[in-house]
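**Q** Please take these sequences and the hints and turn them into a complete structure.
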Amino acid sequence: MESLMVVLVGVLVSVGTYLILSRNIIRIILGTAVLSHAVHLLILTVGGLKSGDVPILAHSDGPFTDALPQALILTAIVISFATTALLLVLAYRMYKTNGTDDVSELRGMPDE
Amino acid sequence: MNNVLVLPLIIPIITAVILVFLRDNIILQRIISLVTMVFVTSISVILLFAVQNEGIIKVDFGGWLPPFGILFVADSFSILLVIIASIVTIICLIYAFSTIGSRHERMFFYPFVLLLVAGVNGSFLTGDIFNLFVCFEVMLLASYVLIALGGEKVQLRESFKYVLINVVTSWIFLVSLAYLYGTLKTLNMAHIAQRVAEVGQDPLITTVAILFLVVFSIKAGLLLFFWLPGSYIVPPTAVQALFAALLTKVGVYALIRTFMLMFPLNQEVTHTLIGIMAGLTIIAGCMGALSGKDVYTIATYNVVIGVGFILIGLTIGTETAISGSIYYLIHDMLAKGLLFLLIGTMVYLTGETVVKRMSGLIQHYPLFGWIYFIVLLTLTGIPPFSGFVGKILIGQGAIESGSFILLAIGFASSVIVLYSLLRIFLASFFGETTVSEEDKRPIPKGVMVSFIFMTLLIIYVGVGAETLSIYVQDAARTLINPSIYIDAILEEGM
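Protein sequence lines correspond, in order, to chains A and B. In this text, residue positions in the first sequence follow the numbering used here: the first is 160, and each later residue adds one. In this text, residue positions in the second sequence follow the numbering used here: the first is 178, and each later residue adds one.
Among these hints, one or two may not hold up.
List time: in silico DMTMM-like cross-link candidates among lysine to aspartate or glutamate, alpha-carbon distance up to 20 Å [as the list claims (entries may be wrong)]:
id : chain 1 : residue 1 : chain 2 : residue 2
1  : B       : Lys338    : A       : Asp260
2  : B       : Lys330    : A       : Glu161
3  : B       : Lys330    : A       : Asp260
These aren't lab readings, by the way, just hints derived from the structure by calculation.
**A** Laid out in structure tokens, this is it:
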């Protein structure tokens, strides 16, 4: 199961990298979103993928599920949500100001 | 008493939220933000004295004892940086009052400055590496907004690049956190240090350490500073000064903390790598500063040189060199902030950014000219100003440990810094003035107040280095002996 997850993370990272390297602003932003999903899955995998155990010590004697990765992922999701929202607003303003969503057309200083 | 430790983080956040509701009342916004920062500064000073008397202070949130909960830790190193960061913010706020313009002020400029400070202070104070990530993000989100505020074409393009680079960097940060958690199963900095010390730093942990090195190098502008010159030029002057003084320094702090506390064992690999990167950073920064034709380029590359120089101290890693690094870090925050304020004012006064097109500023603004001259001397490291103590201690450490190449690069860079800044001084301040007596723009009073305040601080750090030395030495001692830090955090929990 862990190996499968790691392969999935790898696929997501390559998809994200491909999207970030493209010229279209929306694709770049989607790329950052895919990358953040990849790292969330990585944290989950690293924490161990046991199922059926409880994370609370008092409720069982057996092996415990590590609850920390979920907490970390939750925080990271909130942060990546905020960043993506900001990036989208920024992209919209760039589109309104420049009339293009192609980053390669933004080169050069205004006085050149 | 311990709970006071969260105030440098929580007070700016609460005030920022309140200020959002006072959008139209600009005067009230100014007063509240200034009072908040003065309050944060005084609390930090009280905390510094408390750390001297009682040793390292910590507060465990929600009563969860380490290593299970998140905690804030104040040792001399972090609290010194909190103080300097808050003071620099006060000065940048005073500068902003008379220059930033009501358009920015109405678009929540002050709340975002306060959120930035909250993130910076949180990064300095936290004792949990995931919390460090969160505080970094708080700081970065505020900086994204501050850099884009204004919405000019160049600003939008540069801020998009800046945001994208930082998103990718934060992503690498998360990846390295995942690997760290996978190998050591803990995120508390002191606990990480303890576990690394117990099991030894095997190649896997060193790899994780190098991932962290990459992350913090991008944030600090160590070698991977390709994003820095473009993005530091576009925002208004007060924001530039804040960024130059605070953002890269948080990265430097994280590097020092990571490699002195958590991963100190495999120095042949990690510290050699940092040394090579610091040397190359200085060389590249010098080339940039020499080739720059406009004042902004020269100033931004000077930031890069400063980062390289501080990290020479980390590479050498003796107590002398580390205290040199701390002195230099304090000096760099003050002097780079002032440099950017001065450069921005020069551009405001002349309407030009190219060095050659300005001339004769000192005839109309003598005090302004001499303050620039003092900053020039400070950044070069000439006594009695603040850069001298740091440079001499790092140099002494380098000689003691025989790192002569880094020593040569570091001190040669001083000459380049002198040349690049002196070129501005000679070309722009001396010579025939291009503006007639009637046409000259007056410098606003608030701007002069902020300059004089900052200059006095620089002179104080230089002349009064002796009064600071007990704190700096304590900070260096704690960094050199990680066991002091580890024991202070973990003694109750274990």
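**Q** Each hint needs a verdict: does it hold in this structure or not?
**A** How the hints compare with the structure:
1. For a cut-off of 20 Å, the pair hint linking lysine 338 (chain B) to aspartate 260 (chain A) stands: about 14 Å separates their Cα positions.
2. Restraint check: the Cα-Cα separation between lysine 330 (chain B) and glutamate 161 (chain A) comes to about 46 Å, which exceeds 20 Å; the hinted pair is violated.
3. A C-alpha spacing of about 13 Å is found between lysine 330 (chain B) and aspartate 260 (chain A), which places the hinted pair at or below 20 Å, so the restraint holds.
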